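Participant: What follows is each chain in one-letter form.
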Amino acid sequence: MKNKKMIWALLIVMPAIFSSISCKKFLDRKPLTATLDDLHQGTLEGQSFNLYSTLRSYAGFSTLPWLDFNSIRDDDAQKGSSATDGKEINAEFETFQYTKDDWATDTYWNDHYYMINQANKELYTADSLKVTDEASLRNVGEACFFRAYSYFELVKAYGDIPKINYYYTNAAQGVQPKSPAADIYALIDSDLNVASQYLPLNWEIAGNNIYPGRLTSGAAKTLWAQTYLQRQNWAQVVALCNQVIASGQYTLTSNFVDIWKDGLNGAGKNGPESIFEAQCWITQGGATYYGTQWGTSQNVRQGGASVDWNLGWGWNTPTDKLAADWDSTDPRKAATILYSGQYDGGPATGGYGATLPAYNPGTLLDQKYWNKKVYSDPQMRAFTGEIGNSGGADWINHRILRYADVLLMLAEASNETGDGATAEAMLEKVRARARGGNNAVLPHIAFVSQSQMRTAIKNERRWEFAMEGYRFNDLVRWGDAQTVLGSLGYQPRNALYPIPQPAIDLSGGKLVQNPNY
Amino acid sequence: MSIKTYFQGKRIVSCFLPVLFLLAFSVPSSVFAQEKTVTGKVTGSDGSPIAGVTVQEKGAKTGTATDASGNFSLSVTKPDAFLVISSLGYETQTISLAGRSSVDVTLSAAAAKELEQVVVIGYGTANKRDLTGSIVKVSGKEVADKPNVNPVASLQGKVAGLSVVNNGTPGQAPDIRIRGTVSIGQVHPLYVVDGIFEDNIDYINPNDIESIEILKDPSSLAIFGVKGATGVIAITTKKAAAGKTVVNFNTSYGFKQLVDKIKMADASQFKTLFDEENANNNVTTPDYSALTANTDWISAVTRTATFNTNNLSISSGTDKNKFNLGLGYSSDQGIIRHEQLDRLLLSLTDEVKLNKAIKVGVTLNAQRQHDPYDATNILNEARQVMPQVSAKTKPFLVQNPYGSDSTTVNMYSGLDVALQNSGVVNPVLELENTWNKRIKIEYRTVGSVYADITFLKYFDFRTTLYADISNVDDRQYSPLYYAYNPLNDQPYLYSSKTQVSQTNSIWRKFQQDHILNFKKSFGQHNVTATAGFTTYYFGNFNTSGVAKPYSTGNALPIPDDKRFWYMSNGFEDPTQTLSSSSQGEYSTISSLGRVLYNYAGKYYFNASLRDDASSQIPSKNRHQQFWAVGGAWEISKEKFMENVSVIDFLKLKGSIGVLGNQSVPDFPGGGTNYYPFYPNLLNGSAAVFGTNIYNAASDAYRVNPDLKWETVNAHDVGIELNAFKNRLHFEADYFNNTTKDLMSYISLGALGLKDQIENGGSLKNWGEELTASWNQSVTKDFSVNISGNISFLKNKVLSLSPDLPGGHIIVGSQNNGSAESRTEVGQPIGSFFGYVVEGLYQSYADILKSPPASSIGSYRPGDFKFKDINGDKQITSADRTIIGNPSPKFTYGGSVNLTFKGFNLGIDFNGVYGNQIFRTWGSLESPFQRVNYPAFKINSWTGPGTSNWDPIISQADRFNYNGSTYNIEDGSYFRFRNIQLGYTFNHSMISHLKLSNLRLYANVQNLKTFKNNYGYTAEFGGNATSFGYDNAGGAIPVITTFGLSVSF
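Going down the list, the sequences are from chains A and B. Counting from 1, one number per residue, gives the positions in the first sequence under this note's numbering. Counting from 518, one number per residue, gives the positions in the second sequence under this note's numbering.
In isolation and in its complexed conformation, chain A is listed as follows (with noise of 0.2 Å):
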């Protein structure tokens, strides 16, 4: 019968569905996509460019956080931008009325920990797997590196706080209370001592660097000898300072300017004089981007002008102060202030040839004084896109540690060991170079006294160094804060900046905020 037949083909015809799953096939799934599990060895090495990664694009390290407690805190740099952008900031940093919790201070807090843990993690990577390789012992030293580095942020902001030197799965594991600076110096100088061993003196094979831009013992040492002079261990500075120099890496670029080009196929990036930088690279039309809003941030904001003025956010801007107490025979003072309404020098004070639109708040520019130090190349702007409406120079590299610097920390740390012959010496090395060869300015500065050298170096510094965020921390080192930014609302306590409230929430009470606040 026809039923028949078909209850027999029914039950013949058994379609193979579920004998060709195996369940566990089934529901065995991972991500299409790489994870760590399949990078083997070379976890290593990706972790480590995790690191540069987070220098890059983390905010803490790349852009206005950064620039909030390193430079616009300080007398000759301001928030800038207009008067409504990012007002808070004003009293934050300009009138030293620090706040507990804030998108600014929060993120600094939190992207240099990101960091900590980050490289907490790669080390952690590198023990269980017992590297003892060339290779996989530099990127031990990169992870180092980076750990001291952001510590040394962090313990110059906040003074004393927790000590996370561990890879921990538990979230709990990581709530610790706050460890004496001095722990703090002694976790970096375990690190640095680190980084300096394994780090290479550079990436070359057969003359050609491999990686520019990559991290070396100099830029360990470098660092290394910053910690030292932020605690007045003069002998360490100057140990260092002469390893760095005698390693024969670095020279003064001869033509101060050039320092900060940042042209097509990455002219003026890790020249000479860099020891270490932010890295990074925009390929045409941003097709390629990986970029950052270092240079953005910082760029002539448009304002009320025409839209081809509209470079960047243009904080970071140079105070009436700074324009005044500078002497104009400097040659770097046409090198960093960037003026509204005036013709921006051309190529031999580091401009374009370009004439900016007059400052008039609201209606042309809004700032009177821009960074010339991070001026975006005009080439680059079309090249990249970042121009009209997009605006932006997220191509600029942030010069981190430069050759000057270490000249400079040995200066002082010779003056006040009583080497001033030395400190002399080193000093007039970075003025003969800003001089760019005309002697009628930025005359030599013999030894005198020790106060008079060092009055001289902390003038030298302040021009160097203009704009690049090192002033704060130097004014406050050197004890002069009170003095030179008592006016503008400093006290005692603003030395160190309150902890952010959400640490201290998220610590359930076993993190307690700085005295004072």
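Certain hints may be false.
[Unchecked claim] Under the rule of at most 27 Å between Cα atoms (straight-line distance), these lysine-lysine pairs were calculated in the DSS-like manner:
{"no.": "1", "chain 1": "B", "residue 1": "Lys1014", "chain 2": "B", "residue 2": "Lys954"}
{"no.": "2", "chain 1": "B", "residue 1": "Lys1271", "chain 2": "A", "residue 2": "Lys178"}
{"no.": "3", "chain 1": "B", "residue 1": "Lys1511", "chain 2": "B", "residue 2": "Lys658"}
{"no.": "4", "chain 1": "A", "residue 1": "Lys25", "chain 2": "B", "residue 2": "Lys1137"}
{"no.": "5", "chain 1": "B", "residue 1": "Lys1026", "chain 2": "A", "residue 2": "Lys25"}
{"no.": "6", "chain 1": "A", "residue 1": "Lys121", "chain 2": "B", "residue 2": "Lys1225"}
{"no.": "7", "chain 1": "B", "residue 1": "Lys1297", "chain 2": "B", "residue 2": "Lys658"}
{"no.": "8", "chain 1": "B", "residue 1": "Lys876", "chain 2": "B", "residue 2": "Lys837"}
Rather than coming from a laboratory, the hints here were simulated on the basis of the structure. In this text the structure is predicted, and so the values were computed from the model without any measurement.
Since the structure of chain A is provided, determine the placement of chain B on it from the hints.
Facilitator: Structure of chain B alone, referenced to chain A:
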């Protein structure tokens, strides 16, 4: 040999039967002796014919059904046979033929419809009477003629325990929650459409819906396992009935209008307030005299929109084959200019009865949807622009941006960039130039094939294979266009670069169900048992890319022509062309079982169990079990109730169980996470050395090897009552659900960590639901139906993850998170958090005698005086507290339906009470932006005694830009949700037109809302831990439609 005997003689070797569509169709013959033919007509009490009524000879196997005119013809074996005439929803009649060859029958509506209601439960249907759970059935008629393309939007206020928060965007699903917010992750219910699991029902035509069931309690939900905890909305689509061929066409057309517009400052008020603000700050008011307009920006971006839907359906059924075809087209405009959704839907079902034992069928839904451009933020943008900016166009002779010729272009105004920049835009400029530069079309096909076989008398086995495959083609073009500078009246190229971006998204969902049913009565013991096996696969694959033209030399831009809106268009610079993809899959394998038992129709017991194994959970926790048991007692069947004549039906019921929530929180930056325990590498992370790029490796989030699904311990008790000759129907439920192992990303930023998904914490939802209705035919022509429901709901967080050291979940928005939702132990989920405003500092003397507040920032007279909550004599961030609850204390809805002859009038209303709204506009503006003032700012503080609530106008006073009770508004509202007046023509009036039904109606939705807040509406959805924010959007229009429905 019959099927039955065949199966009785065989052992079933497998519970997995084949897919029957593989088989050739076989039509068994069934020839009967024809002795006598009876004809007749079946009508309702109003005289209109009833189609699809089953007419059978008692004791014989033959039967037929009435056609569209109510006529039938049946061969009977003997002249004095009895005819049994039955139809769902009507009282069954038995008529003695007594030799007649023609009979006309009038059927009366079944009195106690509720009692015999067949409801959809997971993997089957059941008589509502046999269940111990709480299921509400809504007829498809309730949603078919409402002006909402998403049928769920029409359920607002209809069902106790179902919260529907609508929005004004065409096609956008409402925020739907059943019995509260049960999770800090996924809270929307599971949709089950004719068996297939879905997370949205965009592809369903409201006109194709037979019924919607809302399943709320553990006894009903445990069978859905890991997807059951958020409740289920089960949709049953229309199927053809035997013996009936019906063609129905309906159409509606109507208008949408913006009401309850927010009030912003006009030009003179702006001037007053801006001058005041600048005076407050000793700043010279910038010269904006070039701007002379007085634009109402909200009017400038909105319009009277239209709504239009047209549907055609054909259904035809015989005993052997039931066929249903539906075709629908909807065009739903938003009140924002150019916002329009176009949707074309096709549905097809066919079921063939191969023989008495085997049925096979197929269902198919196909959709083509053209999405509106994204206008979500337009209303918010509109309220920001200064009224002095013109919304009109001006002609300028300019160079054609695509060529070198000159052309006159009507341009919109740019903004005064010195005053308004950084995020403030002229919304008309942007929308008029870009609304038609995006083509986003979704194609979706959802289908199933099934075979159903009954055997061994009491068994039934059903295999269904489902597939839901959709593809979204999304192409967007950035055109070149001009604006003019309103200050100097000069044109400039506002958008100066062309670009094409293209995204192709594919979703694939496959499901297979294999369900064995057993149903038998042993004396007074009645048992229905179900066992099943099901798998589910979900895959999402997206490819996207961006193409840009050459940027050097005199390269050509990509033309403004749809032909070129593809990645490869002939104009693209290959070095600037980028592509990327994202993809993910997950799967589950489940087995399930259920028993429905009752003794003598008096004592009921239901139990269900499901095991779910999921690819998204680490293998050590991979299998999780969910279960429920329930009991009910039909008290009205007891002897002692026999004399209580007023009560027709009384049932007491209760159930407990454990339900699951397959809730994986999205990535912190957005995007679905398909691998919650298996982090991929962070995207776009790379080291740069000079001009070299090296991929960097870091986990996108933190791993949690102990992850498992959230579970809900659910409890429900209730009663059902019918009284007064079944005129009164009443249901009451008490529920108490505790969610455990809440799954969420925990932000550990202040520890320098990426977020991690954690299980931890629990929350409780409990409350009461009351539903009552009264049905009465007052006279033969006049009947009344009144119904109402009210749901009381409480929500409380019992604990949170111990790994969250701060002990709360914070979701912040606006400036540095000053608009804060805080989920904290002991409080309702997503509570608003901030300062309590006691008033304003009226003077410096007032400040001096008040506790110092400088740790929050600098302040002055006219600024908020925050309350010292902790009593430490100073105002600090520690004085923030819970300042509002976004969940209502109760929600309610009701309707009155009056029928008089052919007329019917339905009035629906709904409301919520006791929740708060957090208003972010006019209070927490960004310091970067100069935005227009709300009109109420005219009452701001200008000196001692002038105001004690609206602070001094000054964007510089960031002190006032902390979240506080100033932002909190009463979210209670009452709305006339829907009013419909319809007229159904009497059959006698239209029968000569060969029509079986003709109905005309007018419908007004959202006629009037009574509310207490400043916003467009009081309805603001969101996600589990952050909802109820008024961001100056979400306008709900009044929709007036006129409709026609005709059947023949």
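Participant: Hey, Lys1297(B) versus Lys658(B), does the alpha-carbon distance stay inside 27 Å?
Facilitator: Holds, at roughly 23 Å.
Participant: Is the hinted pair Lys1271(B) and Lys178(A) satisfied, with a Cα-Cα distance of at most 27 Å?
Facilitator: holds (21 Å)
Participant: Can you confirm whether the C-alpha distance between Lys1026(B) and Lys25(A) stays at or below 27 Å?
Facilitator: Answer holds: Lys1026(B) to Lys25(A) is near 17 Å, not above 27 Å.
Participant: Run the distance test for Lys25(A) versus Lys1137(B): straight-line Cα separation, threshold 27 Å.
Facilitator: holds (15 Å)
Participant: For Lys1511(B) and Lys658(B), compute the direct alpha-carbon distance and say whether it is at most 27 Å.
Facilitator: Holds. Lys1511(B) to Lys658(B) sits at ~23 Å (cutoff 27 Å).
Participant: Given the hint that Lys1014(B) pairs with Lys954(B), test it: the Cα-Cα distance must not exceed 27 Å.
Facilitator: holds (14 Å)
Participant: If you draw a straight line from the CA of Lys876(B) to the CA of Lys837(B), is it 27 Å or shorter?
Facilitator: Holds: Lys876(B) and Lys837(B) sit about 9 Å apart, inside 27 Å.
Participant: Between Lys121(A) and Lys1225(B), does the CA-CA distance stay at or below 27 Å?
Facilitator: The hint holds at about 25 Å.
Consistency note: the structure conflicts with none of the earlier hints.
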